[in-house]
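Visitor: Each protein sequence line maps, in turn, to chains L and V. Quick note on numbering: the first sequence equals residues 1 to 379 in our numbering. Quick note on numbering: the second sequence equals residues 1 to 379 in our numbering.
There could be a bad hint or two in this list.
Intra- or inter-copy, both count: the list cannot distinguish identical chains.
[To be verified] Below, in silico cross-link-like pairs of lysine to aspartate or glutamate (EDC-like), each with a Cα-Cα straight-line distance of 20 Å or less:
| id | residue 1 | residue 2 |
| --- | --- | --- |
| 1 | K16 | E209 |
| 2 | K220 | D317 |
| 3 | K16 | E2 |
| 4 | K164 | E21 |
Calculated directly from the structure, the hints in this document are not laboratory data.
2 protein chains.
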Amino acid sequence: MENFNYYNPVQILFGKGKIAEIAALIPKGFKVMLTYGGGSIKSNGVHAQVMRALRNYEVVEFGGIEPNPRYETLMKAVQQVQRENIGFLLAVGGGSVIDGTKFIAAAACFRGGDPWDIVAAGARVTVALPIGVVLTLPATGSEMNANSVVTRDSTREKLSFASKYVFPRFSILDPETTYSLPPRQLANGIIDAFVHVMEQYYTVARGDEIQDRFSESILKTLVEIAPRLMQEGAPDYQNRATFTWAATVALNGWIGCGVAQDWSSHHIGHELTALHGMDHGVTLAIVLPGVMRATAGSRRPKLLQYAERVWGTDNADQAIDATERFFQSLGVATRLSAHGIGADTIDRVEQRLRQRAIPLGGMPDVNIDNLRDILASRL
Amino acid sequence: MENFNYYNPVQILFGKGKIAEIAALIPKGFKVMLTYGGGSIKSNGVHAQVMRALRNYEVVEFGGIEPNPRYETLMKAVQQVQRENIGFLLAVGGGSVIDGTKFIAAAACFRGGDPWDIVAAGARVTVALPIGVVLTLPATGSEMNANSVVTRDSTREKLSFASKYVFPRFSILDPETTYSLPPRQLANGIIDAFVHVMEQYYTVARGDEIQDRFSESILKTLVEIAPRLMQEGAPDYQNRATFTWAATVALNGWIGCGVAQDWSSHHIGHELTALHGMDHGVTLAIVLPGVMRATAGSRRPKLLQYAERVWGTDNADQAIDATERFFQSLGVATRLSAHGIGADTIDRVEQRLRQRAIPLGGMPDVNIDNLRDILASRL
Numbered sequence: 001m002e003n004f005n006y007y008n009p010v011q012i013l014f015g016k017g018k019i020a021e022i023a024a025l026i027p028k029g030f031k032v033m034l035t036y037g038g039g040s041i042k043s044n045g046v047h048a049q050v051m052r053a054l055r056n057y058e059v060v061e062f063g064g065i066e067p068n069p070r071y072e073t074l075m076k077a078v079q080q081v082q083r084e085n086i087g088f089l090l091a092v093g094g095g096s097v098i099d100g101t102k103f104i105a106a107a108a109c110f111r112g113g114d115p116w117d118i119v120a121a122g123a124r125v126t127v128a129l130p131i132g133v134v135l136t137l138p139a140t141g142s143e144m145n146a147n148s149v150v151t152r153d154s155t156r157e158k159l160s161f162a163s164k165y166v167f168p169r170f171s172i173l174d175p176e177t178t179y180s181l182p183p184r185q186l187a188n189g190i191i192d193a194f195v196h197v198m199e200q201y202y203t204v205a206r207g208d209e210i211q212d213r214f215s216e217s218i219l220k221t222l223v224e225i226a227p228r229l230m231q232e233g234a235p236d237y238q239n240r241a242t243f244t245w246a247a248t249v250a251l252n253g254w255i256g257c258g259v260a261q262d263w264s265s266h267h268i269g270h271e272l273t274a275l276h277g278m279d280h281g282v283t284l285a286i287v288l289p290g291v292m293r294a295t296a297g298s299r300r301p302k303l304l305q306y307a308e309r310v311w312g313t314d315n316a317d318q319a320i321d322a323t324e325r326f327f328q329s330l331g332v333a334t335r336l337s338a339h340g341i342g343a344d345t346i347d348r349v350e351q352r353l354r355q356r357a358i359p360l361g362g363m364p365d366v367n368i369d370n371l372r373d374i375l376a377s378r379l
Numbered sequence: 001m002e003n004f005n006y007y008n009p010v011q012i013l014f015g016k017g018k019i020a021e022i023a024a025l026i027p028k029g030f031k032v033m034l035t036y037g038g039g040s041i042k043s044n045g046v047h048a049q050v051m052r053a054l055r056n057y058e059v060v061e062f063g064g065i066e067p068n069p070r071y072e073t074l075m076k077a078v079q080q081v082q083r084e085n086i087g088f089l090l091a092v093g094g095g096s097v098i099d100g101t102k103f104i105a106a107a108a109c110f111r112g113g114d115p116w117d118i119v120a121a122g123a124r125v126t127v128a129l130p131i132g133v134v135l136t137l138p139a140t141g142s143e144m145n146a147n148s149v150v151t152r153d154s155t156r157e158k159l160s161f162a163s164k165y166v167f168p169r170f171s172i173l174d175p176e177t178t179y180s181l182p183p184r185q186l187a188n189g190i191i192d193a194f195v196h197v198m199e200q201y202y203t204v205a206r207g208d209e210i211q212d213r214f215s216e217s218i219l220k221t222l223v224e225i226a227p228r229l230m231q232e233g234a235p236d237y238q239n240r241a242t243f244t245w246a247a248t249v250a251l252n253g254w255i256g257c258g259v260a261q262d263w264s265s266h267h268i269g270h271e272l273t274a275l276h277g278m279d280h281g282v283t284l285a286i287v288l289p290g291v292m293r294a295t296a297g298s299r300r301p302k303l304l305q306y307a308e309r310v311w312g313t314d315n316a317d318q319a320i321d322a323t324e325r326f327f328q329s330l331g332v333a334t335r336l337s338a339h340g341i342g343a344d345t346i347d348r349v350e351q352r353l354r355q356r357a358i359p360l361g362g363m364p365d366v367n368i369d370n371l372r373d374i375l376a377s378r379l
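Please model the entire structure based on the sequences and the hints provided.
Guide: Put into structure tokens, the structure is as follows:
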């Protein structure tokens, strides 16, 4: 086990009816900005529940935060926050809304120049507005971590930052808010959670048994509930609750304590989204099998452990195939060509990642030099 | 899954050399009380490491906190804290020292009358001194939770309280501090952690797959590393690290989210310790097999899940036998009679638990009425 520091002060309120408890969690007298996305929260009743809970607060709304939240949009919220003296941000939505709100919280208090430097130049965040979350789309784990990914339209960059100051003060996870999600978003959420686990697990076999078995627990559970989720007639509360909690614990720091990590699928996937606007989950379903095949030799012991414990096979190749077929079973095409993407994209991804000159993922066997081969294998 | 709230702000610093980082975590200028137990930290070098890290602080020492920390002892510390204007408590030791320090922290700020009411009458804790922890004995999980158990000598009572105000601000978990532990303390720690998991797991089979599999992960890991730990020649870092982390996550709230719980083995075990001074771990090794046999019918589905996933058998009785044999393999006698305890103790335990009139554990199938049978089966 490697040395590690762990800290996660997010308060979780999980279950039916928990939205009603928001008011006890936001300091009295604070002016609240409610941030959200495309407006589905208005049709599925979540917005009404939130507004009822906030009836004793002054609330301003900031809707229209996009999937892969855009810097340009978020900076409009920052200006409004500063202009209207907002004291608390309540993000109601999925990972994009939460990530965007974290950026708003940090940028609104940023005094070190251009807020874009927070993601582009590692500018240090030392203060941020307090954030609360009402989660409606289990996927990114953003509701219980300190990470944020932001996209800049003008330069087609998708970049991230992390700061303990943007941990949500609380997150409400009511599985019933997921009932109106379309299958495509369920599929993306399942893939995102699955790959988050793999990136903290599919590395080295060192006998970190608690962390490994926790990771395998989440992977097995996702494999088990995915067909149920995709084929539900009426939404089933227990399925939705298990899915919601699986996605949260996939990236809240618990399984990442003291283990090697490899975030290359996310790094490469972010470029595909930035260049082609692809769904985040879809990019991961394309890239991860490529990363796994490229590292099947160098990570043999861990791959065999994964094969045996998650898929019940002693055959490493079969485990990689099973992983890719699992993504396909969710209705996702796992080849670049199926999304109209050709070899020219490989050049562009390589060029962009070389320019940034940051390590790719965290393990030496996935790097800027074998990136071309990995992506070529996914055409 | 049941509705739940989760909150755990304890900062964990895990690994070799982490004690040196203490100074960055305690506010400058605070007068620190270092609390500890019987003095083993002086012979194994931990005390020297801590004092080196605290060289720029004014430190007073309070040693002699007993296993099953005594109210009478802790109140002496409370008086010293108040007299000497202590601003920070640093607990260096195992669960007893940490639990005792939590009580000191709460009692020193308690203005509601007799501090014993905190454990005996559920008096509300609304403020406490800040606490830090250097863990030396993996077992109770107290380093990462808000619980404390205190024993009063004069009335032979062992009672508990919980308050978010006594979460440690930080806990240092350096597996090397465990190298000097005698086998008896390793065994007790393994049993305590195992039973903590069982009390959050061996209840109902409802398909809470994340929590169930996390629990099974810890149980399987403890079963796997126990023989290695008990038969180590020289201490092995990876074994100690896995054990340390297993004991922490067994009772830091992670596996308990949204699941049914049954703390009857601890409740009954506390009475045996209070009456006979038995090691906490030994009492659990005696009681849990009795609880399991008494509930083998009412909890059949969960027992069969446990049998299959932890012990690889489809036979429920064999799984209970395997559990008891596991405790015995650690050198612990699992019958009351082997510890010189007879049927008269059953009367006394029943009488004491009836007087307290609190629910026994949390599941209806273990209660004050079948308590006699459970204990009689363990004579």
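Visitor: Each hint needs a verdict: does it hold in this structure or not?
Guide: Evaluated hints:
Proximity of K16 and E209 under a CA criterion of 20 Å is satisfied inter-copy only: 19 Å between copies versus 34 Å inside one chain copy. In this assembly of identical chains, K220 and D317 lie within 20 Å of each other by CA distance solely inside one copy; the values are 18 Å within and 27 Å between copies. Taking the shortest alpha-carbon separations for K16 and E2, only the inter-copy value of 9 Å comes in at or below 20 Å, while the best intra-copy value is 38 Å. For the homomeric pair K164 and E21, the shortest alpha-carbon distance between copies (19 Å) is at most 20 Å, but the shortest distance inside one copy (24 Å) is not.
Of the numbered hints stated above, none is contradicted by the structure.
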